[in-house]
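Protein chains in written order, with our numbering: chain B, 1 to 365; chain P, 1 to 365.
Just so you know, not all the hints are guaranteed correct.
Where chains are identical, the list cannot tell them apart; a pair therefore holds if satisfied intra-copy or between any two copies.
Calculated pairs, EDC-like style, for lysine to aspartate or glutamate (alpha carbon to alpha carbon, straight line, at most 16 Å) [unchecked claim]:
1. Lys346 to Glu84
2. Lys207 to Glu157
3. Lys210 to Glu158
4. Lys15 to Glu25
In case anyone wonders, no lab produced these hints; they're calculated from the structure.
Values in this document were obtained by computation on a predicted structure and should not be read as measured data.
Number of protein chains: 2
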Amino acid sequence: MNEKVAMDKLKGLGKDIHDEVVKGEPPKFETVLRSRGNIKYDEGVGCLRLGNKKETRNFLTVSQSRTFMQTVAIANKTKRFLKEDLHTSIRGLYYQLKFSLGENLDESLFEEQGESNALIEDLEVALGIKREDLHLTTDRKGVVAGPMKIRDKFGGEENTIDLTKQGRSGWMVPSDVDNGMEFMDVDAKYILVVEKDALWQRLNEDKFWKKEKCIIITPKGQASRGTRRLIRKLADQDLPVYVFTDCDAWGWYIYWTIKTGSMNLAYLGRDFSIPESKFLGVTMSDIEKYSFLKKLTIKAKDIDVKRASEMMGYPWINKHKEWVAELKKVLKTKQKIEQDALQGQKLTFVGEYIKEKIKNEEWLP
Amino acid sequence: MNEKVAMDKLKGLGKDIHDEVVKGEPPKFETVLRSRGNIKYDEGVGCLRLGNKKETRNFLTVSQSRTFMQTVAIANKTKRFLKEDLHTSIRGLYYQLKFSLGENLDESLFEEQGESNALIEDLEVALGIKREDLHLTTDRKGVVAGPMKIRDKFGGEENTIDLTKQGRSGWMVPSDVDNGMEFMDVDAKYILVVEKDALWQRLNEDKFWKKEKCIIITPKGQASRGTRRLIRKLADQDLPVYVFTDCDAWGWYIYWTIKTGSMNLAYLGRDFSIPESKFLGVTMSDIEKYSFLKKLTIKAKDIDVKRASEMMGYPWINKHKEWVAELKKVLKTKQKIEQDALQGQKLTFVGEYIKEKIKNEEWLP
Chain B
1 MNEKVAMDKL KGLGKDIHDE VVKGEPPKFE TVLRSRGNIK YDEGVGCLRL GNKKETRNFL
61 TVSQSRTFMQ TVAIANKTKR FLKEDLHTSI RGLYYQLKFS LGENLDESLF EEQGESNALI
121 EDLEVALGIK REDLHLTTDR KGVVAGPMKI RDKFGGEENT IDLTKQGRSG WMVPSDVDNG
181 MEFMDVDAKY ILVVEKDALW QRLNEDKFWK KEKCIIITPK GQASRGTRRL IRKLADQDLP
241 VYVFTDCDAW GWYIYWTIKT GSMNLAYLGR DFSIPESKFL GVTMSDIEKY SFLKKLTIKA
301 KDIDVKRASE MMGYPWINKH KEWVAELKKV LKTKQKIEQD ALQGQKLTFV GEYIKEKIKN
361 EEWLP
Chain P
1 MNEKVAMDKL KGLGKDIHDE VVKGEPPKFE TVLRSRGNIK YDEGVGCLRL GNKKETRNFL
61 TVSQSRTFMQ TVAIANKTKR FLKEDLHTSI RGLYYQLKFS LGENLDESLF EEQGESNALI
121 EDLEVALGIK REDLHLTTDR KGVVAGPMKI RDKFGGEENT IDLTKQGRSG WMVPSDVDNG
181 MEFMDVDAKY ILVVEKDALW QRLNEDKFWK KEKCIIITPK GQASRGTRRL IRKLADQDLP
241 VYVFTDCDAW GWYIYWTIKT GSMNLAYLGR DFSIPESKFL GVTMSDIEKY SFLKKLTIKA
301 KDIDVKRASE MMGYPWINKH KEWVAELKKV LKTKQKIEQD ALQGQKLTFV GEYIKEKIKN
361 EEWLP
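With the hints as constraints, model all of the structure from the sequences given.
Next comes the structure, spelled out in structure tokens:
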């Protein structure tokens with residue numbers, strides 16, 4: 001469905017440019033400014049997104065001519081990927097551009113991949129579509145298991161994948177969870193996002209997802225685009241989303257990036273944010289609550305403390321008094337604690353910790 | 001099966017120490033030296049492994065007492081993991097040690113995870129077992145698809161996973177492919193190892209594994225322990241193993257680590273090496289052979305050239321004239337090329353390239 005929309009939008013872009021040429025007007029391409037000044041926190045939705053400032057690239061303006069041509073070249077290539085029904089990475093796109101354009105031009109239109117990356121973001125924003133809808137694959141990292149099935153149409157085949165039958169491994173979260181994919185028989189009470197794969201493996205061995213009727217996802221650190229879309233789509237089915245990370249600024253920022261997005265990814269807006277997410281832990285308060293954790297804390301490094309102090313400056317974080325209190329504790333005690341430490345006394349305690357937190361609604365906003 | 005052996009060996013270790021104490025002898029622990037001087041290239045097998053130099057840790061020698069106690073503590077903990085039939089990561093083990101030993105001792109027995117890591121390697125070598133057999137999970141990264149099934153017994157359940165029905169994602173290679181796991185109905189002509197996930201996704205979309213009757217695996221860069229064991233076990237079924245990486249010293253070294261192991265992993269020996277592997281490409285010679293590649297090369301950085309020059313010094317590499325010729329081309333032309341560049345002219349060319357190389361037996365040793 002999205003692919004169809006993407007194709008129509010690419011055609012529309014081509015038609016507009018064509019019409020301008022026919023009318024004798026200079027062809028142009030309008031997109032939304034992605035620079036810091038146009039990033040805002042959308043209080044209503046609860047995520048970072050771009051404002052309304054526009055930017056126009058004009059073919060006949062010398063300084064913009066190259067960028068304009070590059071954008072058109074990318075639009076043209078991805079239109080062909082859609083038509084051929086083939087996918088590639090942005091690195092593959094880069095080589096396609098470098099190959100086909102290098103021949104007919106004095107200078108190669110694309111020297112660095114950085115150039116094509118930025119222009120893909122422009123195109124996503126200008127047309128209001130995702131790169132995945134343009135058949136561009138992205139980095140994969142996350143893993144999922146739990147009571148649901150995936151109907152997957154890809155490469156001319158259709159498979160139904162039961163996420164309760166993936167054994168010790170779980171199912172790897174793909175690059176694109178929208179096109180040619182359906183979620184079926186979702187029979188979960190909630191979604192649990194676990195920062196580290198090691199903890200995910202621990203919970204998977206305990207069949208936590210079966211006993212608790214939940215879907216467990218690990219982004220393996222910062223969440224990939226595919227993982228964020230997967231969580232977003234499940235949240236759209238009214239499933240609560242709980243996030244469980246290390247107790248330090250980096251772990252907490254993984255939570256915040258899932259919840260509100262980040263500066264760099266603000267152009268993606270709500271499609272890749274889950275403002276409904278709640279933070280289960282690990283919190284600085286846990287160190288006081290669970291006495292066995294006291295001797296398992298780690299001394300925070302200067303960079304950890306600096307990062308915590310930066311987070312204190314983000315209005316979408318510091319509007320929550322609970323988070324200010326947690327961040328202040330980091331600055332004061334200069335301690336941190338890993339989620340792995342919850343296994344210190346008993347390997348299976350991780351699941352008990354999560355169940356207790358959810359039962360007592362003991363989470364941070 | 002391995003777990004049973006591991007348990008017996010842990011018990012044997014305990015019994016030896018106990019007997020020494022009863023006899024009034026100082027308890028000791030003997031392992032194989034893992035330092036550079038005891039690493040050799042085994043010409044017969046074709047992999048890096050440890051030599052015969054031993055090291056003894058004596059409880060009553062002041063400088064060795066701490067290490068001895070740490071080793072016994074790790075043996076004790078992993079024995080409990082086996083008995084409880086639960087797994088954890090080495091980080092989880094570290095916290096278990098830190099927690100349980102911290103209580104009864106003046107100083108904490110484990111201050112840094114680095115200490116426990118090195119001692120786990122000691123234990124693997126001393127007992128001739130793998131950490132996976134001690135229920136320690138390791139980092140996961142690789143993905144696999146193709147004509148085979150996995151029977152997986154884990155966490156009290158049994159699943160049969162058909163690796164032809166994993167859709168766009170493939171099956172994530174787990175941490176342990178030995179214990180509680182069987183490979184069934186392997187109906188492949190060969191194993192193809194593809195360095196980058198982006199290329200694996202490309203081949204998976206083309207259903208390359210179906211058309212070619214092969215198993216495609218991406219380690220996603222350097223291969224994890226699980227991925228290396230998976231390839232080793234498939235090679236033990238007499239399937240040829242072909243490796244396909246970037247054309248630069250880093251990509252080539254991914255091949256060499258799969259084939260012969262590396263200095264750091266020499267203690268693992270043949271269990272994690274695949275000396276039978278053959279290198280399909282990308283080679284420097286391909287730049288001359290496939291004319292479209294000429295304009296898709298990248299200038300090698302100083303560090304690339306330096307690494308190539310180092311590789312030239314490894315006897316297990318420089319004994320092959322084909323590799324010396326390739327490395328010399330890097331030093332001379334200072335160029336490199338990514339496997340992604342094969343898509344420059346046509347997205348589906350990657351598969352054609354691989355088929356042609358295999359058909360013409362055009363590989364490097």
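Hints violated by the structure (numbers, ascending): No hint contradicted; all consistent.
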